[in-house]
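S.K.: Spelled out, the chains give:
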Amino acid sequence: GENVEQHPSTLSVQEGDSAVIKCTYSDSASNYFPWYKQELGKRPQLIIDIRSNVGEKKDQRIAVTLNKTAKHFSLHITETQPEDSAVYFCAASNTGNQFYFGTGTSLTVIP
Amino acid sequence: GAVVSQHPSWVICKSGTSVKIECRSLDFQATTMFWYRQFPKQSLMLMATSNEGSKATYEQGVEKDKFLINHASLTLSTLTVTSAHPEDSSFYICSARKPVGAGEQFFGPGTRLTVL
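Protein sequence lines correspond, in order, to chains A and B. Quick note: the first sequence uses the working numbering, first residue 1, plus one each step. Quick note: the second sequence uses the working numbering, first residue 1001, plus one each step.
Quick caveat, the hints were computed from the structure, so don't treat them as lab data. The structure presented is a predicted model; accordingly, all values stated were derived computationally and were not measured. It is possible that part of the hints are untrue.
In silico DSS-like cross-links for lysine-lysine, where the CA-CA straight-line distance does not exceed 30 Å [to be verified]:
#1 A:Lys68 / B:Lys1020
#2 B:Lys1041 / B:Lys1066
#3 A:Lys57 / A:Lys37
#4 B:Lys1014 / A:Lys42
#5 A:Lys71 / A:Lys58
#6 B:Lys1014 / B:Lys1041
#7 B:Lys1041 / A:Lys22
#8 B:Lys1064 / A:Lys42
#9 A:Lys58 / B:Lys1014
#10 B:Lys1066 / B:Lys1098
#11 B:Lys1041 / A:Lys37
#12 B:Lys1041 / A:Lys42
#13 B:Lys1066 / A:Lys68
#14 B:Lys1064 / A:Lys57
#15 A:Lys71 / B:Lys1014
#16 B:Lys1098 / A:Lys71
#17 B:Lys1020 / B:Lys1098
#18 B:Lys1064 / A:Lys58
#19 B:Lys1041 / A:Lys71
#20 A:Lys42 / B:Lys1098
#21 A:Lys42 / B:Lys1066
#22 B:Lys1020 / A:Lys42
#23 A:Lys22 / B:Lys1098
#24 B:Lys1098 / B:Lys1064
#25 B:Lys1055 / B:Lys1020
#26 A:Lys57 / B:Lys1041
#27 B:Lys1020 / B:Lys1066
#28 B:Lys1055 / A:Lys42
#29 B:Lys1064 / B:Lys1041
#30 A:Lys22 / A:Lys68
#31 A:Lys22 / A:Lys58
#32 A:Lys42 / A:Lys58
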C-alpha cells in the first residue's frame, strides 16, 4: 500500500516568514495530493490540492509543488500569520479510492 | 458547498457495549465514504473505505467484526464499534468523497468515543 512520510513534525516560524512542509509518497499510481489544516478538536479542512498532471499550484499565500519523478510534494505558506498555527496533513490518493495521510506537522507562528 | 455531519459528536459508554456512529453527506451524494481514527496529536489512520451498496474495504490490522460499517444509502454510512473496550477510545472521523473524478473528500466533525 501507499506510505506517506511528512517532515518536519513540528515547525515554528516568526510571523511574516515562510513555512515549508514536505511529504514523500511511495505509490507511483497516486495522482491526487491534498493538504489539510486541522485546528485543535476540529475537523481537517482542505486548504489546497494538486493533481499529478500539474507541477505547481498557488492560492494566495499558499502554494503546493509536486515532483512526480522524486515522489515528493511540498506545501509553502508565505507571509505567515498567527492564525496559520495548526496541524497540517498531507495526503496521497489513487483516483480517490483511498487516502493515506502523512504524520502531520504542528506549525506555530510566533507573533 | 459540501457538508458532512457526524452523530454523535461525543459518546461515553461502558466497556462491552456497542456504539453506532453515523456519517451523513448533507448536500451531495457520496458513493464513497471513509472512516478514520485519530489519537491525540497523531495523524488520521484510515480504517476502512465504505462503498454504497457493497461491503466495506478494511485496512490491514482493522478488525472488521469489531468495526462494522454499513453504507446503506448514498448519504449515510454508519460505523458500529462492537463490544467496545477502553483501548477503542479515540476520535473517529468520517469523510465523504464527491463522485467526480478523484474528488476531494470532506470531513465530518468527528466523534469522540470514551469507553469506561
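S.K.: For B:Lys1041 and A:Lys42, compute the direct alpha-carbon distance and say whether it is at most 30 Å.
M.R.: holds (12 Å)
S.K.: Against the 30 Å threshold, does the CA-CA distance of A:Lys71 and A:Lys58 hold or violate the hint?
M.R.: holds (19 Å)
S.K.: Holds or violated: A:Lys22 and A:Lys58, Cα atoms, limit 30 Å.
M.R.: holds (16 Å)
S.K.: Is A:Lys68 close enough to B:Lys1020, meaning Cα to Cα at most 30 Å?
M.R.: Cα-Cα ~41 Å, so violated.
S.K.: For a C-alpha distance cap of 30 Å, please report whether B:Lys1066 and A:Lys68 respect it.
M.R.: violated (38 Å)
S.K.: Is the hinted pair B:Lys1098 and B:Lys1064 satisfied, with a Cα-Cα distance of at most 30 Å?
M.R.: With Cα atoms ~25 Å apart, B:Lys1098 and B:Lys1064 stay inside 30 Å; holds.
S.K.: What's the verdict on B:Lys1064 and A:Lys57, does the C-alpha distance respect the 30 Å limit or exceed it?
M.R.: violated (39 Å)
S.K.: For the pair we were handed, A:Lys22 and B:Lys1098, check the Cα-Cα distance against 30 Å.
M.R.: The hint holds at about 26 Å.
S.K.: Are B:Lys1055 and B:Lys1020 close enough, with their CA atoms no more than 30 Å apart?
M.R.: Given that 30 Å is the threshold and the Cα spacing comes to 17 Å, the pair holds.
S.K.: With the threshold set at 30 Å, check whether the alpha-carbon distance from B:Lys1066 to B:Lys1098 stays at or below it.
M.R.: At roughly 28 Å apart (the allowed maximum being 30 Å), B:Lys1098 and B:Lys1066 satisfy the hint.
S.K.: Holds or violated: are the alpha carbons of B:Lys1014 and B:Lys1041 at most 30 Å from each other?
M.R.: Roughly 25 Å between the alpha carbons, so the hint for B:Lys1014 and B:Lys1041 holds.
S.K.: Compare the distance between the alpha carbons of B:Lys1020 and B:Lys1066 with 30 Å, and conclude whether the hinted pair is satisfied.
M.R.: holds (12 Å)
In this structure, the hints that do not hold are numbers 1, 9, 13, 14, 15, 18, in rising order.
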